Amino acid sequence: MTRRVISLLFPLLGVVLAAVEYGAPHAFGAVLPPSIRIIEGSVRWSGDVVINGVVVVRDSGRLEIDPGTTVRFIRRDDDGDGIGDGEIRVEGSIRVNGTIKRPVIFTSASTDPAPADWKYVMINHAHGAEVSNAVFEYAFSGVQIHYTRGSFRGIVFRHNIDGFRFSTAPVILEDSYIVQNDNGIRFEERGAGAKIVGNVISGNRVGVFAVVKCRGLTEFRNNIFEDNSSYNVKLGDMQVEDLPMSGNWWGSVNRSDIVSSIFDGTVEPAMGKVIFEPYLQERPVIRDLLPRLTQ
Amino acid sequence: MMQKRGVHGALPYLLLVAALAVPSTVHACVGRKLVLGALEDARQGMVSRIISILIHERTGTTVEVKFYPSKEELMEKVLKGKVDLYVDYVDTALKRLNDDPGSLAGEERYRQVKREYDEEMNLVWLKPLGFEGRNGKGNSMGFAAVVVRKGTLKKFPALPRLLDKIGTRVILDDPLLDSLVLKGQSVKPAKVAREFLKEKKLI
Numbered sequence: 001m002t003r004r005v006i007s008l009l010f011p012l013l014g015v016v017l018a019a020v021e022y023g024a025p026h027a028f029g030a031v032l033p034p035s036i037r038i039i040e041g042s043v044r045w046s047g048d049v050v051i052n053g054v055v056v057v058r059d060s061g062r063l064e065i066d067p068g069t070t071v072r073f074i075r076r077d078d079d080g081d082g083i084g085d086g087e088i089r090v091e092g093s094i095r096v097n098g099t100i101k102r103p104v105i106f107t108s109a110s111t112d113p114a115p116a117d118w119k120y121v122m123i124n125h126a127h128g129a130e131v132s133n134a135v136f137e138y139a140f141s142g143v144q145i146h147y148t149r150g151s152f153r154g155i156v157f158r159h160n161i162d163g164f165r166f167s168t169a170p171v172i173l174e175d176s177y178i179v180q181n182d183n184g185i186r187f188e189e190r191g192a193g194a195k196i197v198g199n200v201i202s203g204n205r206v207g208v209f210a211v212v213k214c215r216g217l218t219e220f221r222n223n224i225f226e227d228n229s230s231y232n233v234k235l236g237d238m239q240v241e242d243l244p245m246s247g248n249w250w251g252s253v254n255r256s257d258i259v260s261s262i263f264d265g266t267v268e269p270a271m272g273k274v275i276f277e278p279y280l281q282e283r284p285v286i287r288d289l290l291p292r293l294t295q
Numbered sequence: 296m297m298q299k300r301g302v303h304g305a306l307p308y309l310l311l312v313a314a315l316a317v318p319s320t321v322h323a324c325v326g327r328k329l330v331l332g333a334l335e336d337a338r339q340g341m342v343s344r345i346i347s348i349l350i351h352e353r354t355g356t357t358v359e360v361k362f363y364p365s366k367e368e369l370m371e372k373v374l375k376g377k378v379d380l381y382v383d384y385v386d387t388a389l390k391r392l393n394d395d396p397g398s399l400a401g402e403e404r405y406r407q408v409k410r411e412y413d414e415e416m417n418l419v420w421l422k423p424l425g426f427e428g429r430n431g432k433g434n435s436m437g438f439a440a441v442v443v444r445k446g447t448l449k450k451f452p453a454l455p456r457l458l459d460k461i462g463t464r465v466i467l468d469d470p471l472l473d474s475l476v477l478k479g480q481s482v483k484p485a486k487v488a489r490e491f492l493k494e495k496k497l498i
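Protein sequences, first through last, are from chains E and G.
Mapping of the first sequence onto this note's numbering: position 217 corresponds to residue 217, and the numbering continues sequentially without gaps.
Mapping of the second sequence onto this note's numbering: position 59 corresponds to residue 354, and the numbering continues sequentially without gaps.
Keep in mind the hints are simulated off the structure, nothing from the lab.
Bear in mind the structure is a predicted one, so any value in this text is a computation, not a measurement.
Computed, partial: chain G to chain E, Cβ under 8 Å:
#, residue
1, R353
2, T354
3, G355
4, A453
5, L457
6, K496
BS3-like cross-link-like pairs, simulated, lysine-lysine; straight-line CA separation at most 25 Å:
#, chain 1, residue 1, chain 2, residue 2
7, E, K273, G, K496
8, G, K493, G, K478
9, G, K450, G, K422
10, E, K273, G, K493
11, E, K213, G, K460
12, G, K390, G, K445
13, G, K422, G, K460
14, E, K273, G, K495
15, G, K328, G, K460
16, G, K449, E, K213
17, G, K460, E, K273
18, E, K213, G, K496
19, G, K450, E, K213
20, G, K445, G, K422
21, G, K460, G, K483
22, E, K213, G, K328
Using N, Cα and C, we set each Cβ at its ideal position, and we do this for glycine too.
The shape of chain E in the complex, shown without the other chains (with noise of 0.2 Å):
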């Protein structure tokens, strides 16, 4: 008898567990085990995606993913770090083809979602990565590249404790917008230059934290910076160096207004200075990406 429960079981368990990795509905992804899929070779995505657990994206994979795909991460913390188990780790490399009006969403499969339901999409000593359109919530960090090149182009990154993460990458990232974030970008140069141009950085507690061996490769330019709680930009403890980042609006033209929003040497004078003048003298006009993404 108990053979034939189990015969029985074990098949239906298989169904349910395709389900949820292939876009059923999801009441089930708090009961079951995580899954973790591998993919080798070249796969694409496309509709709705949902999953539960860590999808790896192997050193011979390429994972392509299809305007208008939104892919949900379910909310499960086994290891109760306070942070969703919920990623997709990139080994190889990863093209996300969003458009304006048909963007990707990576979200949370929470109906009530909140920062950190799921992990990240992590991309690390891959081959590297090309996101266009898309939008990145309710994340522990959106998106963490590291020694990887890569380029990311009209992302809304919204609603994860970090937004963009980013170490020892050489990525660009442009017509953007990183906002109610907890830190909207995080980042740690350690040698390799990296292209923040053309975005909004708003709403955040910290828009900018440089937190350790920046060097002043990286370009800032262009970017909107106003209304970040706690600051504009924050240095760590151990940023001795200065960080140029003239060229950009910075939510006012009174100087002491500016320097107020910025956490650096000026404070605490072990630190190195945030180097924002010449400052733009007006909010330069970008375009209205966040409300297309987002609708």
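Assemble chain G onto chain E, guided by the hints.
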């Protein structure tokens, strides 16, 4: 729908096998983390929040605060390497070493406890924070200081310089700490700690 080249109808079963065969302990690191141990009392609660927020804000390191009902349980976790740092008091620490605090002057007590903890337990006493510990009867337990595992300091060598700011730049003395604890009865203690650090320009 998700599509994979060359995948056939057996995919659900392959997924099941994969899910059961691969260990479920694949945890990706989300960054460096410290565990700060504290006793379940209002003063330690406030101090531990000040320390954890300071470390997190200035270094980006995640700090998990774990509370313990007794010093014995806390010390057990420290010595097992489950807790990286905690706040201790000089006189009670000397008693734990079977030394008589009464036989030494204030600064000598600190030097002695620092030396003995280093030699016997691989624990490093940082500079005093500014306030004294008090037991349930209100008696002094000696200067308070952050104590850190040596192994932790190897991974986080900047911790002493950062945490010493609490005792040197701000001087978290008894009246100041008491006022923060009092505020923490009507406002969330973490909010009080954060506002305090911001006001002192430490974050």
